[in-house]
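Trainee: Residue numbers (the working numbering), protein chains in the order written: chain G, 1 to 158; chain X, 1001 to 1548.
Just so you know, the hints here were simulated from the structure itself, not pulled from any lab data.
To give an idea of the interface, some chain G residues facing chain X are shown, with a C-beta separation under 10 Å as derived from the structure: (1) Y6; (2) G14; (3) F30; (4) M106; (5) E132; (6) C141.
In silico PhoX-like cross-links for lysine-lysine, where the CA-CA straight-line distance does not exceed 20 Å: (7) K5/G with K1247/X; (8) K151/G with K56/G; (9) K1543/X with K98/G; (10) K1543/X with K47/G.
Just so we're clear, the structure is a prediction, and the values are computed from it rather than from any experiment.
The beta-carbon is built from N, C-alpha and C at its ideal position, and this holds for glycine as well.
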Amino acid sequence: MHMHKYEKIWLFFGIGSLFLFLTIVGVSAFAQGNQPPSCLTTIDPEKVDQTPPFNKPGLVKTGDNEYQLNIVASAFAYTPNQIEIPKGAKVTINVTTKDVIHGFEMVGTNVNMMVEPGYVNSFTKTFNETGEFTILCNEYCGTGHHLMTAKVKVVDKQ
Amino acid sequence: MNETMKVDRRDAKLAMAHIYVAFIALALGGLAGLLQVLVRSGKFTLPANINYYTILTTHGVLLGLVLTTFFIIGFQFAAVSRTAGTLSDKARTTGWLGFWVMTIGTALTAFYILIGEASVLYTFYAPLQAHPGFYIGLTLVVVGSWLSGFAMFAHYAKWKKANPGKTSPLLTFMSVVNMILWLVCSLGVAATVLIQLLPWSLGFVERINILVSRTLFWYFGHPLVYFWLLPAYMIWYVVIPKIIGGKIFSDSLARLSFILFLIFSIPVGFHHQLVEPGIDPAWKYLQVVLTFMVVIPSLMTAFSMFATFEMYGRSKGAAGLFGWLRKLPWGDARFFAPFVGMLFFIPAGAGGLINASHQLNQVVHNTIWVTGHFHLTLATTVVLTFFGAAYWLIPHLTGRVMTKTMNRLAIVQTVVWAVGMLFMSGSMHFAGLLGAPRRSAFSTYGNSPQALEWIPYQIAQAIGGTILFIGIILVLIIVTNLAFFAPKGETEFPVGEVAETAERTPLVFENWKLWIGITVALILIAYTIPFIDMIQNAPPGSKGYKLW
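The shape of chain X in the complex, shown without the other chains (with noise of 0.2 Å):
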């Protein structure tokens, strides 16, 4: 193995400046979602004119695509030059401008919404038509992110080349899974971007073709959760079991289970658009179909997590059934904060069954519940596993080591996380099966009874919102100290090992042509036909509104 144990000086600061735009952007959007669920409290309103709709689009774009794609694209970059080496110049040199790329569309971006030009949300449902800044703003966002993509195939193909016939290091396999899964997907949001939204906002065309952009839109939108989920993926597989003192289940199964999510995550945007017009609903049940296939990686990753909780816990001695559970490190706040993380995933897993249900997802579609279900899904699960990520991962690039006190801090910044989201997740999951609407500000409908009804749920939600940008600061105090202030010292980048009852991997597993071709049948089975349909029945198309 030619693993290196460090990341590399330069690496480490290549990873680390992705890094403190994403908490960046966490403070601000964190901020932004304290001003959201206090005026939905009715309770409070917004000083000084601001839109509330403004709010809400910072809130989403700064926590949905800054702070998850910058922190993604900086932990994979510490992950594959920790596994498959220090990255060759060239390749940190186009991270390098991936990085400014992205930062300067993302400022480009938070510019345009905060003077008001852009509050369209971040799904940017045409015909609401933008400023040219915002959409060119995400589009160099998305640009920038690819070229990291590239500087990281690039790494994986320098390594293989140097390590003819072996199996890659996992880390750096799962990496190199997820920037394909980013590059196909995203390259959806490219093209209504590019091909309709820009021309469009920029007046060398009058109008737009409304359900094109969304099925472009929603074609990504879904894979860029997965695209999120699969580094807390990386995390549990291959970290946290060495965290714990234990061994990866099994490299195959794992590297299985990432293939699926390739496979399996694209072609199911129409779960989206259940409730829309202008799709067949039979093409809508087969992406249904699809959408449940990710059920299976996900089945096989609980197995592995709790098979390798159980294998450790056992090794120490531990009998009775559930006797392993006591043995498991509950004090280290790199495990304890995926480990909360991991049981949010059980009912927010659930919730996600009955969203994409064909028929029921008639009785939640743009109810707040959907709202309560990516604040578990994306808001719990995959933020605390990167926080417990960064709990060594920013002491491990800085050169530092996180003291008792801040390992105190981050079990305090855990528990208050989950305190705050069982408040504020499951009173936005109560009000929305009581019909309550999401994006949107408070309002009584004209004092009826039953928007009547939401209020002490809306109350609940701003006193879980108000616990969590406790949370927020929390953790803001956490990693500036790991940043700047901690003592000098050496911290590991923890990565497991494989257990030696597990079976060597196959190669197929990177028989790259063989699954991006399943991937792309995939998505041209689900969406040929009924693309084509929307575009030759499709009725005269829409000129752009600002009506904000």
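So that you can see chain G by itself, here it is in the shape it has in the complex (with noise of 0.2 Å):
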């Protein structure tokens, strides 16, 4: 099939800047970690409750400055919703459901993720700086909807 040669220019340079892209972002992703939040941990939706670790929902200390903040999202609240993280703690993010889909999306951060009954979600993010972030469903839940909300607050150690 006959190309004009100005369209083979034109392909050969979109075509080759397609996959360094696609090279550079699967780069970022398998060798420097940078995958999107896809945690493969089930758990029962009607038993969260009961189900470590939200059973007790909240910040935990795991390590020197490693901590887990583990939310339960349901219709149409996070447990807990005022949240305080010392200044440069890494912090895992664990968050399910007990109902139906929400999302949990920390405004002005990297951290949104999908959550979804019977799923952990997971990520993890280190609070460098003081602020206080506003945590929001960004899925359709219900009428409620747009009132589910947690506050952040990222703290000066004391």
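Assembly of the complex is requested from the two constituent chains, each provided in isolation within its own frame, with the hints serving as guidance.
Mentor: Below is the structure:
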């Protein structure tokens, strides 16, 4: 099939930059570990309150400057909904839901994940700056969807 | 060539029936959209206890599914009748059957949404559970569209039989590709509705596998956008060259790009599920790579369009690097509306690259940025192209002509649309980057300082949305005029001819076994293992919830 010379040049550079781009994305994902939240852990959505760590939701220290933040989402609230994190902490956020699908977005950060019944989702972030972040539900879950929120304060260590 | 110049009166009626429903959906869905932007500005509340999410569901279903599917099927019936000859009585009857099944399905779905029994949005994410009537209605819409698809396949087969060894007319070929794409992808949504959602909403089964239902939905949900886009591409490739007085740059490249869209638009649904649990990130990355393959036919299309424009301008004596731009028929709404749509596709495509990027998706996922994105792709590029097509298609089918006044109004309409969308989609993109969520009523999240930052953008959205609603009123005036009041006369259904310099089209493009085979193979590669994983490692299923 005949192709115009200019079209060949156009497609050569277009497809070339496409593959360069996909390589960069791939290296970032697999060599540097920048994968989207894709936790494979399952849980019985009707027994969340009895299943550790979600039977005692909240911030748990797991190591030197390392923490786990376990959060339960349900219509239309997060438990807990007032969270204090010491500055510099590396926090693994685990979230699950007791009922329908929810979103978990920490505004102004890269923490943004789907929370689906039967699954735990997880993302790790280091909080290097003090400040206040709003957590909100960004996946439609019912009438009170836009009222579903929580607050995170990153504070200086005492 | 056994092309007919004019669509047969009986086929025209079938096409027009679809177009009427499409524009009624535009009127109602547009009104719902206006209410949404007003609520979201924080300055307005819905009267009489109307639920914001009922309006949102109405908007999505009417504009995302009804307007698009009805217009596309109507346009394609006209296109195959125009290029492959008048439909047989059998094909036409099947088309009418499809039309009525779709219309009854739409009415049923709309009924259950409006009485508040189905405020689950058009993505109907389980375990939110709608009334069974909602799922039955949507099933009828899909089944009706299949009947019309079969009518088009039969018509194409009849043409091939009558013209052995010949290349089929380009518009007919493209319509067939689009209906194959639609058939293959809508199997996914049919599966989740018929096997999972419907039995569950009727109470036959208690629980449902959430991740499987979402995966089946997105197996359908992304090709759906190409089902919207390909008819716009048909108009760009075949109709626009004729309108400006030029030629189709290359018949074979047009066919190649359609085949590439067929192959690469389906095994890609995971890019809507990038931040979801339960799917291994390596499989997500594979589908990201496949998603990006549609960049290739998109680049080919962009090249073809501008090559056609430049060749035409130069044939009229244009000089200099961009002199040909001045030779284009800017005063002709049939050209101007789709052209503005094309321009909007440049930022729209760039935004799409961001959304589908493995990691970058996390920044914008479920923010109103995404809403801004598809209001550029669907609600500007595709919709303005459809409007531009309506300006010749409707008078052609109703035996009327578009007056100069209406043409001028259509130019104004296009400008109004572009300005409204710049405001609305532009502020949606910015607010989304600041974290404002999509699919949400107005909220300050407990006076969060971060949420208060979004309010100026939300007011700009309301201004843009109001301008767009004026655009909808204008297009409805034009369409009503063209359908019922414009002076009687003959309007051309423009079908471009291929440039003399283009080479003969190889027949391999119509080797359907090959292309469908590759399509199915890629789907199996992309989905089999993760799908088995989902079922084998499934958590306990979910009961239904009605939380609105």
